[in-house]
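Residue-level listing of the chains:
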Amino acid sequence: MDKIRTIDEAASYIKDGMTVAVGGFIGAGTPEKLIDAVIAKGIKDLTLICNDTALPDKGVGKWVVNRVVSRIIVSHIGTNPETGRQMNAGELEVELVPQGTLAERVRAAGAGLGGILTPTGIGTVAEEGKEKITVNGKEYLLELPLKADVALLKGSIVDKKGNIYYKKATRNFNPLMATAADLVIVEAEKIVEVGELDPTDVMTPSIFVDIIAK
Amino acid sequence: MDKIRTIDEAASYIKDGMTVAVGGFIGAGTPEKLIDAVIAKGIKDLTLICNDTALPDKGVGKWVVNRVVSRIIVSHIGTNPETGRQMNAGELEVELVPQGTLAERVRAAGAGLGGILTPTGIGTVAEEGKEKITVNGKEYLLELPLKADVALLKGSIVDKKGNIYYKKATRNFNPLMATAADLVIVEAEKIVEVGELDPTDVMTPSIFVDIIAK
Amino acid sequence: MIQDKDRKREVIVKRVAQELKDGDLVNLGIGMPTLVANYIPEGIDILLHSENGFIGLGPNPEPGKEDLDIVNAGGLPASVVPGGAFFDSAMSFTIIRGGHLDVTVLGALQVDQEGNLANWMIPGKMVPGMGGAMDLVAGARKVIISMEHTAKGAPKILKKCNLPLTAEKEVDLIVTDMAVIEVTPKGLLLTELAPETTLEEVISATEAELIISENLKVMNV
Amino acid sequence: MIQDKDRKREVIVKRVAQELKDGDLVNLGIGMPTLVANYIPEGIDILLHSENGFIGLGPNPEPGKEDLDIVNAGGLPASVVPGGAFFDSAMSFTIIRGGHLDVTVLGALQVDQEGNLANWMIPGKMVPGMGGAMDLVAGARKVIISMEHTAKGAPKILKKCNLPLTAEKEVDLIVTDMAVIEVTPKGLLLTELAPETTLEEVISATEAELIISENLKVMNV
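Taken in sequence, the protein lines are chains F, E, S and W.
For the first sequence, the numbering used here gives the first residue as 1, with consecutive numbering after it.
For the second sequence, the numbering used here gives the first residue as 1, with consecutive numbering after it.
For the third sequence, the numbering used here gives the first residue as 1, with consecutive numbering after it.
For the fourth sequence, the numbering used here gives the first residue as 1, with consecutive numbering after it.
FYI, nobody ran anything at the bench for these hints, they're computed from the structure.
Source: prediction; values computed, not measured.
Mixed in with the good hints, there may be bad ones.
Said to hold, decoys possible - Every beta carbon over 12 Å from chain E, so not counted as near; a handful from chain F, in silico: (1) 66; (2) 104; (3) 112; (4) 114; (5) 117; (6) 131; (7) 138; (8) 193.
Claimed, not checked - Here are the simulated DSS-like pairs of lysine-lysine, each with C-alpha atoms no more than 27 Å apart in a straight line: (9) F:160 <-> F:138; (10) E:130 <-> S:169; (11) S:21 <-> E:132; (12) W:169 <-> F:130.
We put the beta carbon where it would ideally sit given N, CA and C, even for glycine.
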């Protein structure tokens, strides 16, 4: 099974209205070429799951500016003024989630958990609409899994089977998003032959990856 | 802070009656020297958290044979007939936990979660004594965190700060146990200078490790 | 009815192997299921999952060439194929429980017509622990049971399991030395007979009710 | 009362730095808290946690020597010290939420006498999102607030926060340009005054009730 596609072919799997999870942290470790290809195709109405909305000219920030997304589930929008503007104007729906809870919710979807209990957010607006569960006298919020139709990742080194190695701080949400989407596309900085990545060094096993985009 | 101690010094932190989590899978990735040192010290009444009880002459299996443990929380005891014998004779208390649930419970303790919801065990004896929670019409078991006083790990390469790299299939439960104990001791196959491990390759960050035993 | 022990085993694992599709990630239980790896059809490229922490489980190493850092889920020396990946137990069970494992092949003590499975303990006798079995059966997309049809002549495919369950209503397919049986919402559907085996023999060796497929075939093994 | 803006800042971050102990893992919030790194006392070796995914955050790289694969939690070019470690966001917040982070230093819009903190939004005005702040405050072993004592003359240390909270009853210590205040079960304990600052000035700049320590000292900054 050859998983390698062009950036443009890979982007064509994303359709209007889908939920798309994107790796990266204020742009670091984000698949910029896939981001651009989605904009070029004029795709609309995406729900975005991402740590943040980066900058107006960087990462998923470009999706906000180009009106690709109508709803976002993120922990932080402060680095992209356009996100706040569209939110305040009622043009963009924003669900804010504490960063650690976001990570655990995506992981829970990938790991087949029905939810996780966290103390983060107790006594804050993050409580709203959530079930509280008391364990050994301590209150927790029940946080539910968060799954996407498509995940877009950035891999530093990807072998032709789809095994991924993320360099330095580019890892962030990428390995989590990889586990929690029906279709997983990785934008490869470098593609190597099968066997060139040491099995001990693989961070996202090939079985999670459907398409390698270059 | 020099974290390096002899095997014997390291083992002296373990006291009668403690709960000890040990990495390894049927002996692979288990700190054999620490296991032996604990036996030599005549320590008793430990509660053991481990994937399995290995073989009578291997890994934590030796603790069973030498009556170091009075209670074990494991997923599998089939490879060590002595465990079953002591259990049936009422000499050893055994709590059996599905392997994936064991991993998630240890991880939950390390990650500060109050619990996780899993479908594993629904309709089986693993349900007993557990709260069931329904999310979106599906039933889950609420599984609670599992924490230890001390964790004993085996690291393939450990730098002097305590960063650990696990080779091949020796990783298994080691990185999880590392997050879920008050005191973490790693038996190092090889100790290297700080800076020799590439920060991208570290699997257990130094902050989890209190003692490097050699 | 096949009488030879080795031939029975061969029929079962060969037939199970035919269920695997190109690109599948497969976990083979300890014992007979591991033999399935020897019969993967040509042109089919699968990856084997080893629940102790890797995918890409390879052939058994030659004696003297064992790598002590690579064992399989039974603790025995193993190998990894090029393109494999090692990980920790949390990721191993993320794969199993998160729906990323295409097929699990396991033995059984009992299976029943609702798809319930008992394969991990006999109270008062054999209590090895469930290991990863409960996770595998609850989590895998397709659960295939590979076993001899009867145990010392007694049926193992029952109306209702009476041993402690491994999981509820999760079995998809049962492959034995006598038959291939699908678990469907309507009940157990007998789709194939083993060579040298009659419909009557299967019915009499099965306690559960069987729906006979209109396309009842003979296994191609 | 210190008037000079730069001196205020210096007093705050110097005093916060004195709270750090050898071997501590510390997360410094964006803005003023990051300056704490410049005042770590000699002989004290700490590690900095960067919530985007590593420990061992190092000095800012020289212009032209940036590594685009290493950014800090503000998305700016950063570096890693020898002995650092990169990981994914799940591990990053395992560290924060699992009680493995010794100290977090954060700014505040408001703190109150129960130890409640508001620092992430002003309804209708500033809504950047909580990022990792709720996790940091709920999870860190010690929560230190570093901020100017007042905002345009108005107290920020209140009887009760009226902005949306970041977390309930989690603040341990408040360090400002006027005072050091511990959050205790009995209320806010004023333990130190800033240089050039009187007790009366602190009381009048604070809405919350203060318990005055019997050992009230002047900050050593």
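Consistency of the hints with the structure:
no. : hint            : in the structure
1   : 66              : holds (33 Å)
2   : 104             : violated (7 Å)
3   : 112             : violated (7 Å)
4   : 114             : violated (3 Å)
5   : 117             : violated (3 Å)
6   : 131             : violated (8 Å)
7   : 138             : violated (7 Å)
8   : 193             : holds (20 Å)
9   : F:160 <-> F:138 : violated (48 Å)
10  : E:130 <-> S:169 : holds (20 Å)
11  : S:21 <-> E:132  : violated (36 Å)
12  : W:169 <-> F:130 : holds (20 Å)
Comparing the model with each earlier hint shows violations of hints 2, 3, 4, 5, 6, 7, 9, 11; every other hint is respected.
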